[in-house]
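Undergrad: As you go down the protein sequences, you meet chains S, L and A in turn.
One point on numbering: in the working numbering, the residue at position 262 of the first sequence is 262, and numbering is uninterrupted.
One point on numbering: in the working numbering, the residue at position 212 of the second sequence is 212, and numbering is uninterrupted.
One point on numbering: in the working numbering, the residue at position 292 of the third sequence is 292, and numbering is uninterrupted.
No lab work stands behind these hints, which were simulated from the structure alone.
In this text, all values refer to a predicted model and were calculated from it rather than measured experimentally.
Some hints here could point you the wrong way.
[Unchecked claim] Label pairs and their in silico Cβ distance ranges:
#	chain 1	residue 1	chain 2	residue 2	range
1	L	Gln83	A	Ala164	14 to 24 Å
2	A	Glu162	L	Glu65	37 to 47 Å
3	L	Arg2	A	Ala220	57 to 67 Å
[Stated by the list, open to error] No farther apart than 25 Å at their CA atoms in a straight line, the calculated lysine-lysine pairs in the DSS-like style are these:
#	chain 1	residue 1	chain 2	residue 2
4	A	Lys371	S	Lys401
5	A	Lys204	A	Lys370
6	S	Lys27	A	Lys371
7	S	Lys382	S	Lys401
8	L	Lys206	S	Lys202
9	A	Lys44	S	Lys27
10	S	Lys401	A	Lys44
11	A	Lys204	A	Lys44
12	S	Lys401	S	Lys246
13	A	Lys370	L	Lys206
14	S	Lys27	S	Lys382
[As the list claims (entries may be wrong)] Take a look, some chain A residues computed to stay more than 10 Å from chain S by CB distance:
#	residue
15	Ile2
16	Ala68
17	Thr112
18	Val240
19	Leu259
20	Thr284
21	Val363
22	Ala373
Don't be surprised by glycine CBs; every beta carbon is placed ideally from N, CA and C.
The primary structure of each chain is shown beneath.
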Amino acid sequence: MAAAAVSRTAAPAEVTDAAAIRVSGLKRRFGRVRALDGVDLEIRRGELFGIVGPDGAGKTTLVQSLCAILDPTEGTVSVQGLDSVRDAARITASIGYMSQAYSLYEDLTVAENMHHFAALRGVRGPVLEERMARLLRFSGLGPFLDRRTGNLSGGMQKKLALCTSLVHEPDLLVLDEPTLGVDPLSRRELWRMLAAFRSANKTVVVATSYMDEAERCDRVAFVAGGRILACDRPGTFGADLEEAFKRMQPRPASARVAPLPQRAGSAEPVVEVRGLVKRFGAFTAVDDVSFSFAPGEVFGLLGPNGSGKSTMIRMLCGILPPSAGEARIAGVDVARSPQAVRGRIGYMSQMFSLYVDLTVGENIDFFGGAYGLPRAVLRERKAWVLEMAGLDGREEVLTGKLSGALRQRLALGCAVLHQPDVLFLDEPTSGIDPASREAFWRLIGAIAASGTGVVVTTHYLREAEGCARVAFVHRGRLIALDTPARLRANYGGGSLEEAFVRAMEAVA
Amino acid sequence: MRRLGALVRKEFLQLLRDRLLVGLIFYIYTADVLLCTYALSFDVRNLTLAVYDLDRTAVSRTLVERFIATEYFGRLVPVGSPQAVDRALDSGAADLALVVPPDFGRDIGAGRPAEVQLLLSGVNSNTANIARGYSVAILDGFAHDRLRAAAQARGIALDLPEIRPLARVWYNPALQFRFFMVISMIVVAALLVGVISTAASFVREKETGTVEQLVVTPLRRWEIMVAKSLPPLALGMVALMPGLAIAAWFGVPLAGSLSLFFVASAAALVTCLGAGILIATFAHNLQQALLIAFFVLFPTMFLSGTIVPVESMPGALQALSAASPIRYYLEIALGTLLKGVGWSVLWRELAVLAAMGAGLAALSLLRLRHRLVT
Amino acid sequence: MILAALVRKELIEIRRDRVTLATAVVLPLLLLFIFGYGITLDVKDVRFAVLDRDRSQASARLVDAFTASGYFERVRDLAAQADVDRVLDHGAATLVLVVPPDFSDRLAAGRTADVQLLVDGTFSATALIVLNYARTIVNRHSMALAGAAARAQGLTVPPHVEVAARVWYNAPMRSVNYIVPGLFAVLLMAFPPLLTALAIVREKERGTIEQVFVSPVSPAVFILGKILPYAGIAFVEMLVVLAVGTFWFDIPFRGSLPLLLAASLVYVFVTVGIGVFVSTLLRTQVAAVFLSLVVTMMPSFLFSGFLFPIATMPYVLQLYTYAFPARYFNDISRDLYLKGVGIEYLWWNAALLAAYGAVIVLVATWRFRKKVA
């Protein structure tokens, strides 16, 4: 109430309220869907506040409400003493916001994007010069000023987006999953930038699906089903935040893994790569890569954004022809007989790979048909996929209406319908909450146990511990290849993530 | 066969669920055809004639009445000064003006040559041309009657020779522009539907990333192409029916070989589908594909005789239009639906159309081999 | 300051996006040339065939009258009635002249002889012109014969009426003089609104618009930041068409150039304003392309009076044409170009145009909210 009174009378500078943000009784509906169902929240000035929760919990809706770009259906949001409906223009004029969607103009260069957003905020002259110099130094974007933003790697784009949100040094910064799809190295740099910004006693609100990020926050709110289930300092949740939240969350439907038919065992390597090279013009994306692995092995490819992991996988799948070297799947040369290879592999690309305008059942039928499965076999496999993905009885639902986690599991099911010799998964768990990620990895384990070789890339290094062997990729080269345990030992004995960062820093 | 069947089924489901595209296809074949046929024509009727009669005799009035008696001139505006004639034409209040000189009646009566002035607004050269034709015919008729009357008055035998032109207009006796318009719109619809729907379906897979998933399956490129072409082809053929019904309703005889028309429609659609696929291989997203499609659609549409006849164009453009499949489709459609002819007359056009369709399909398949993903 | 930044950003994006640039610059020029050369109803060199069953001097003279007129080109001499069907069915000739067997006998006897003019009516507009030409030729020929006969029978000066026909504004009756001044209205309505709508909807699709929401940029400034660059491009487009029309196609410009430029400035704001308005209704670029096709491109081409005269449309559809501002500008530019009239004839259309523009931009600004939903 006090906040409302202030907003009617005074400029924000005179506000003495200790809270940067007050949310009371906030509800938001989209048609029939209740995205937020009664949220009360107070974020103090100078606080680093985390918002975590499963897929579809309402995190983005909450964040957009805080930024005054989404009106509440019920309840109020007050930001620095200003009401988010009446004084929306004054709120939006002062805060900084980094949306989850890509928020830069990709046809503009790095410098042009910076200047554009600075001009929108009225930052210019020597102040701009000084701030830009500092931001560029921190982000390491200095050498890329004239590069088109669309040509930057995912990690660099996020760093630039953060820079553009910081250029007017807002008192309040709101970030929606800023590190989604970003490699561990860039993630560290993003947080270093945030830390530097915070030292000036600013308020930061960040939604994230990384628990190590949540642990850095002063306080964390756990959101599920449009409500805040818990809100406190991270330490109060116990030693392992990830485990704590997994317990709090309703378990994802049917995490059970149906038994898979065992494949005929063979000790022969299922994937053999020798001297593989891919050049795009003058740029070498994959540089003399060799490895091989056996059926039933889960093989992890870890590397920064733009290091060539996806290019490798796309060559192994026969989507891209290699510039040199060879790749064999189950003894068949991919470049020479791509058609023969296609029936033996399964692939889940980085982008969502199902048809959103088809129903669950139609997607399964289509991929089964595309792989030429006989009808009887398809019927049996379809039942298995539905059970495995927890979609029993939801065959008629349009795929676009499923949550991200369910879609990923359905996509996985469609990729293994034909029981491939090798399964390629390119960042399959990106943007999915920890509990669903864990369930997903159990599925990967079961698929591997049935004798299928699995290649997987991920930026969640914690889950890469589940791989039999892991390769670190840097600028198109394999710089290390071993079991996770030995990699940890070789690079200083910490977690796999620490090992990875050290390995990368060692070659940089 | 099993693979192809699954793919075709999927494409049908996706097309039928895309309300925007299905709506657009039927809009183009029905509402658009109806609206344009109703509204648009080059007919010249109801012209407004300004009359500046300086003679004001019975003779001059007879002449003016002859103008009004025709269906071409709807309104007559008497004006009283040369300035008023200017104003009437400048403001567009009149399309043409007739100026009858002071001694007109006397000259005619005396058997002397007389002259009237006809001022036409040439802004629309087509209208002006036709209006001039009408006026000259009316004045000729008037003169002819006067000649007879004069001969009669002087007791000369009436055995003057005369040639009477008996005009018969084939295929379209009432000279209704609608007949042409409705057929032309059906032809243009095939062009729009064919190019847009396949381009959309290919580029959407690129945009959503499902194309990579498609590529790693054992499906072959030609299977993908066939499967993606079948649903728009089927929908386009179905959408022809309301189009034909509208044509029949406007009175187009549809007397020729309908079998030829349907075969030609399928061939034309296939050609345009091929063009759509080709466009899709050059575009990264749908918006780009549609803009590129405009570069193909507009010139093809205007150069194929769908708006004005190819014969009226300069030689170079006529030669260029020979490369447009739509030109042949239009000739077949006009032949079968309006003229009432069939295979024996139009087989050459069909052969050219089919050859173009095969060529475009082959070309797009070739590009798809390398360019499906990127 | 903010406005300048928005405009600058927009111009950089336009410059880097080749497809947009081509649509803005190349496509209008391409259409200008296609329309300028290709869209013409001028009738000349009409292919005509003769079935002369008389084969006399008299019939030969009539046929000569056709070829001498300069409009007709004799392509075929037919031998039998069946041939008539064939040449028309194949489209080998547009006009067939059939002279009956007793043609010369009847004329010599001072009687009436009928000749048949068979016209392919498929494209009625040109068929009508062909028919008029042919009738006039036959009538003139007939009059000449009658006059000669009358003189022979003692009528000293046969009365006749001369027609002094003068075509104003477009004396040579060139289609291109009619087409090109009308193209301003069409081209400016076809592409600038589409590109403007795409520019805004693209920001929605890519999510960059959320950054605009969370910034001090007001809706009016944001919209102005979109209108200015695209209006600028459209205006340049207009100048190019004007230059090409005047110098390349050699179309006389009779009116006041400042008046035309002023009117086109207003028109350009209207077209771009429509683009902005359309974008407030939509979320995807594809929908923007389709909607523009249906509400700006096709109507401006078909219902502006550019090619098809409005006066011959059914009354309800004549009212419908008022919904599309291309019609107002079409009148203005043709009147200025060909008639050279002044503001006293044009103010009404200009006022309607200005009002249209003001309303559409206001409504668009009012509809534009800085909210994601």
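Undergrad: Against each hint, give a clear statement of whether it holds in the structure.
TA: Checked hints:
1. At about 20 Å, the beta-carbon gap between glutamine 83(L) and alanine 164(A) stays in the expected band of 14 to 24 Å.
2. For glutamate 162(A) and glutamate 65(L), the Cβ-Cβ distance of about 20 Å falls outside the hinted range of 37 to 47 Å, so the restraint is violated.
3. Taking 57 to 67 Å as the suggested C-beta distance range, the pair arginine 2(L) and alanine 220(A) conforms, at roughly 59 Å.
4. Between the alpha carbons of lysine 371(A) and lysine 401(S) the distance comes to roughly 23 Å, so the proposed pair stays at or under 25 Å and holds.
5. Restraint check for lysine 204(A) and lysine 370(A): satisfied, since their Cα atoms lie roughly 11 Å apart, inside the 25 Å limit.
6. Restraint check for lysine 27(S) and lysine 371(A): the C-alpha separation of about 16 Å stays at or below 25 Å, so the hint holds.
7. Distance check on the hinted pair: lysine 382(S) and lysine 401(S) sit about 20 Å apart at the alpha-carbon level, within 25 Å; holds.
8. Between lysine 206(L) and lysine 202(S), the direct Cα distance comes to roughly 42 Å. Violation of the 25 Å bound is thereby established for this hinted pair.
9. A C-alpha spacing of about 74 Å is found between lysine 44(A) and lysine 27(S), which places the hinted pair above 25 Å, so the restraint is violated.
10. The suggested pairing of lysine 401(S) with lysine 44(A) is violated, with an alpha-carbon distance near 63 Å, which exceeds 25 Å.
11. Proximity of lysine 204(A) to lysine 44(A) is assessed by CA-CA distance (about 53 Å); at most 25 Å being required, the pair is judged violated.
12. Distance hint between lysine 401(S) and lysine 246(S) is fulfilled; the C-alpha atoms sit about 24 Å from each other, no more than 25 Å.
13. This hinted pair does not check out: lysine 370(A) and lysine 206(L) have alpha carbons roughly 31 Å apart, beyond 25 Å.
14. Distance restraint check for lysine 27(S) and lysine 382(S): the Cα-Cα separation of roughly 39 Å exceeds the 25 Å cut-off, and the hinted pair is therefore not satisfied.
15. Distance to chain S contradicts isoleucine 2(A) as a non-interface residue, since its nearest Cβ pair spans about 6 Å, not more than 10 Å.
16. Non-interface status of alanine 68(A) relative to chain S is upheld: no Cβ of that chain comes within 10 Å, the nearest being about 64 Å off.
17. Every beta carbon of chain S lies more than 10 Å from that of threonine 112(A), the smallest distance being close to 73 Å; the non-interface claim holds.
18. With a minimum CB-CB distance of about 24 Å to chain S, valine 240(A) clears the 10 Å threshold, and the non-interface call stands.
19. For leucine 259(A), the condition that its CB be more than 10 Å from all CB atoms of chain S holds, with the nearest at approximately 37 Å.
20. Interface exclusion of threonine 284(A) from chain S stands, the closest Cβ pair being 14 Å apart, more than 10 Å.
21. Every CB of chain S lies more than 10 Å from the CB of valine 363(A), the least distance being 20 Å, so the non-interface label holds.
22. Separation of alanine 373(A) from chain S is inadequate, the least Cβ-Cβ distance of about 6 Å not exceeding the 10 Å criterion.
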